[in-house]
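K.L.:
These protein sequences, in sequence, are chains L and F. Residue numbers for the first sequence follow the working numbering, beginning at 1 and rising by one. Residue numbers for the second sequence follow the working numbering, beginning at 268 and rising by one.
Keep in mind that the hints are not guaranteed to be accurate.
To be verified - Taking CB as the label site, the calculated pair distances span:
1. L:K26 - F:F475: 26 to 34 Å
2. F:F475 - L:E2: 30 to 38 Å
3. L:D62 - F:Q477: 31 to 39 Å
4. F:Q477 - L:E2: 31 to 39 Å
5. F:Q461 - L:G133: 41 to 49 Å
6. L:V69 - F:L448: 39 to 47 Å
7. F:E345 - L:D158: 43 to 51 Å
8. F:Q421 - L:K32: 55 to 63 Å
9. F:T447 - L:D62: 31 to 39 Å
10. F:D433 - L:E151: 45 to 53 Å
11. L:D158 - F:T470: 27 to 35 Å
12. F:L535 - L:D180: 56 to 64 Å
13. F:Q477 - L:K32: 26 to 34 Å
As the list claims (entries may be wrong) - Within a straight-line C-alpha distance of at most 20 Å, the following computed EDC-like cross-link-like pairs (lysine to aspartate or glutamate) qualify:
14. L:K32 - F:E566
15. L:K26 - F:E566
16. L:K114 - F:E500
17. L:K35 - F:E572
18. F:K451 - L:E151
19. L:K35 - F:D567
20. F:K451 - L:D110
21. L:K114 - L:D5
Hints were generated in silico from the structure; no laboratory data involved. Glycine included, every Cβ here is placed at the ideal spot set by N, Cα and C.
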Amino acid sequence: MEKLDVSIILPIKSSAAIDFNDYFTKCIESIKNQKLKVNELVIVHGNDTNLLEFLDSFDFGDLTVNRHVWTQESNFAKQVNYGVASAKSKWVSLFEFDDEYANIWFKNVDIYIKSFPNVDVFLPIVIDTDDKGIFAGFTNEATFAMNISAEMGVLTNDTLQNYQNFQISGMVIKKQTYLDWGGLKSSFKLTFGYEFFLRLTHNSVRIMTIPKIGYKHLNLRTGSIFWNYKNGENVLTSDEVKFWIESAKKEYFFINDRAIKYETQND
Amino acid sequence: MTPEQLSKLESSIENLKSKKSRLYFLVQDTKGNAKASVSFIYNMALTLKKAGYNSIILHEKPDYVGVSGWMGEEYMKELPHKSIEGQNLEVSPEDFLVIPELYGFVMSQVSKLPCGKIVLCQAYDHILETLQPGQTWSQHGFLKCITTSEMQKQYLENVMRNTSFDILKPFISDNFTKQTLPPKPIVAIHTREQRDTANIIKTFYIKFPQYRWVTFRDMRNMDEKQFANVLKECFVSVWIDETSSYGTFPLESMKTNVPVIGLVPNLLPEWMTENNGVWVNNKTHVVDFVADFLQNWLEDNVKPELYDEMLKTVENTSSKKEFEKVTIDLFQKYINTRLDSFEEQLNKFQTVE
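Based on the provided sequences and hints, a complete structural model is requested.
P.N.:
Here you go:
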């Protein structure tokens, strides 16, 4: 059976999230239902007993699944970087357990890889929904809007300087490109995806949005990273939000993570 | 008949036989903008020129812009051009004047010229625009008409009863080829009335603000190559032309593999079927169909059969070779008819003598 040479990287902190089982089942179904099958699913997961038991008993069907237990403190960026490093395919795709791929996504990625051999990163048009599944908007579509990008469909550094709403989840990137340019910076909060895109485009990596709905993203799920930034124990202040945006714009020149820290301004 | 008249008749016969008789084609000055109806005339004229006939392009004023910008240098270089204004137009009995339907006032001006006169009717809704009430083509000596489709011919036969009709179907230029790269979220829009274009775009963005990132390209004011290249990037075409008599744009779209959402014209094109496009009866519904099609395209839900039917439709339309053959056959027929008439006159004279 023909497969796309892609590894899906799925980091999981724990199974404590509300409705974890339902979300996880849907996310795996969305991989199984692809019109073009994928090479591998890499799960980098925490080691709580419930999660381990759940994953042990889960029916992944004929998916090739490689599981890695993450014993350090949970960190989305670190877990993704680890998963990418251990991936066995030429391409990798970042995934979240509360999201779903559209079943046409990897089929279209295959078409675009063949049509645009000089492109290293493909972004899906993402449908953002609320926790009831109601449509909230699109993401990554802006590369097609008039006067946003110099080349329709291509994400450029200039565009990113003025517009931050692009998403790494669902994207398909060459594994080597990901590694060459340092992967996600784990010291970053909030803007780690944005900083990564700035860094890639600064280094002339071509990023293209495929004009197909490829990914469904659940916005601000209770307990998710971004929910926590807004509503959790460590809520980001507007100063801190500003700090992370500005830091992304400064740090993208550096490939290595320079362990950026936010310090409260005491005037 | 005087010896002078006899000599003229013999000379006319000789010119007709040797293809020296002049075939004048009147064209509109589009000021450098592409227009399918003008391109059609130039293609006829150039086909005949290449086949050894004496075709000449006729334009109204000396400051004619020409078509080299959008059709190519060849058409301006190969074909002699003459202006009606400011130049002495030589017209002999063995010559032919081909006048587009729009130029009813020219038909009345040339009605007394002794040459062969042919109407070229590509747009049936223009035929009466510059004719006086009650006037017909035949009253001005235009007894032959070339038109572009059977449906249009049937319509015209009921209005211009004393004129005979021939059909010459346009062909879709070789500049239009199938997309080789996946298309972008761009809608190609081509409407006869420019305000329809503006209305559709504005209504679409108001009704579907979530799709503000989708681009509409007004397909006006482009040369053919540019037009074909832009079309290649589009995922769908919108076509509004109620008085269309043939439908070049939808066929160009289909040849490019771009599906068409179109308003059904008053005269149903011969190539239009239930399955080769999205054909809408109400102009105000077009934006809803665009949004619906867009949604399906974004989700890969457009039926592959649509693309198969488009391809079949285009394969069944006139090719450039057919167009050239029919053009030459038609004009040779007109020449032969005229030749027969002149030879008959000559025979009568010689018999009397």
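K.L.:
Hint by hint, note whether the structure agrees.
P.N.:
Taking the hints in turn, this is what the structure says about them:
Look at L:K26 against F:F475: about 28 Å separates their beta carbons, and that is inside 26 to 34 Å. A C-beta distance of roughly 36 Å is found between F:F475 and L:E2, which places it inside the suggested range of 30 to 38 Å. Between L:D62 and F:Q477, the C-beta spacing of about 37 Å keeps the proposed range 31 to 39 Å intact. About 34 Å separates the C-beta atoms of F:Q477 and L:E2, a value consistent with the hinted range of 31 to 39 Å.
For the pair F:Q461 and L:G133, the supplied restraint of 41 to 49 Å holds, since their beta-carbon distance comes to about 42 Å. Take L:V69 and F:L448: their Cβ atoms lie about 43 Å apart, and the range 39 to 47 Å holds. Hint check: F:E345 to L:D158, Cβ distance near 47 Å, so the stated range 43 to 51 Å holds. The hint said 55 to 63 Å for the Cβ distance between F:Q421 and L:K32, and at roughly 58 Å that hint holds.
The hint said 31 to 39 Å for the Cβ distance between F:T447 and L:D62, and at roughly 34 Å that hint holds. The beta-carbon spacing between F:D433 and L:E151, approximately 49 Å, falls within the hinted interval of 45 to 53 Å. Between L:D158 and F:T470 the Cβ separation comes to about 32 Å, which falls inside the hinted range of 27 to 35 Å. For the pair F:L535 and L:D180, the supplied restraint of 56 to 64 Å holds, since their beta-carbon distance comes to about 59 Å.
Under the hint 26 to 34 Å, the C-beta atoms of F:Q477 and L:K32, about 29 Å apart, fit the expected range. With a C-alpha separation of about 18 Å, the suggested pairing of L:K32 with F:E566 holds against the 20 Å cut-off. Pair hint L:K26 plus F:E566 holds up; C-alpha atoms about 19 Å apart against a cutoff of 20 Å. With a C-alpha separation of about 17 Å, the suggested pair L:K114 and F:E500 falls inside the 20 Å cut-off, and the hint holds.
Taking the CA atoms of L:K35 and F:E572, the gap is near 19 Å; set against the 20 Å cutoff, the hint holds. Taken as a hint, the F:K451 and L:E151 pair is honoured in the structure, with Cα atoms around 11 Å apart against an allowance of 20 Å. About 11 Å separates the Cα atoms of L:K35 and F:D567, which keeps this hinted pair within 20 Å; it holds. Restraint check: the Cα-Cα separation between F:K451 and L:D110 comes to about 16 Å, which is no more than 20 Å; the hinted pair holds.
A hinted pair counts as satisfied when its Cα atoms are at most 20 Å apart, and L:K114 with L:D5 qualifies at roughly 13 Å.
Violated hints: none; the structure is consistent with every hint.
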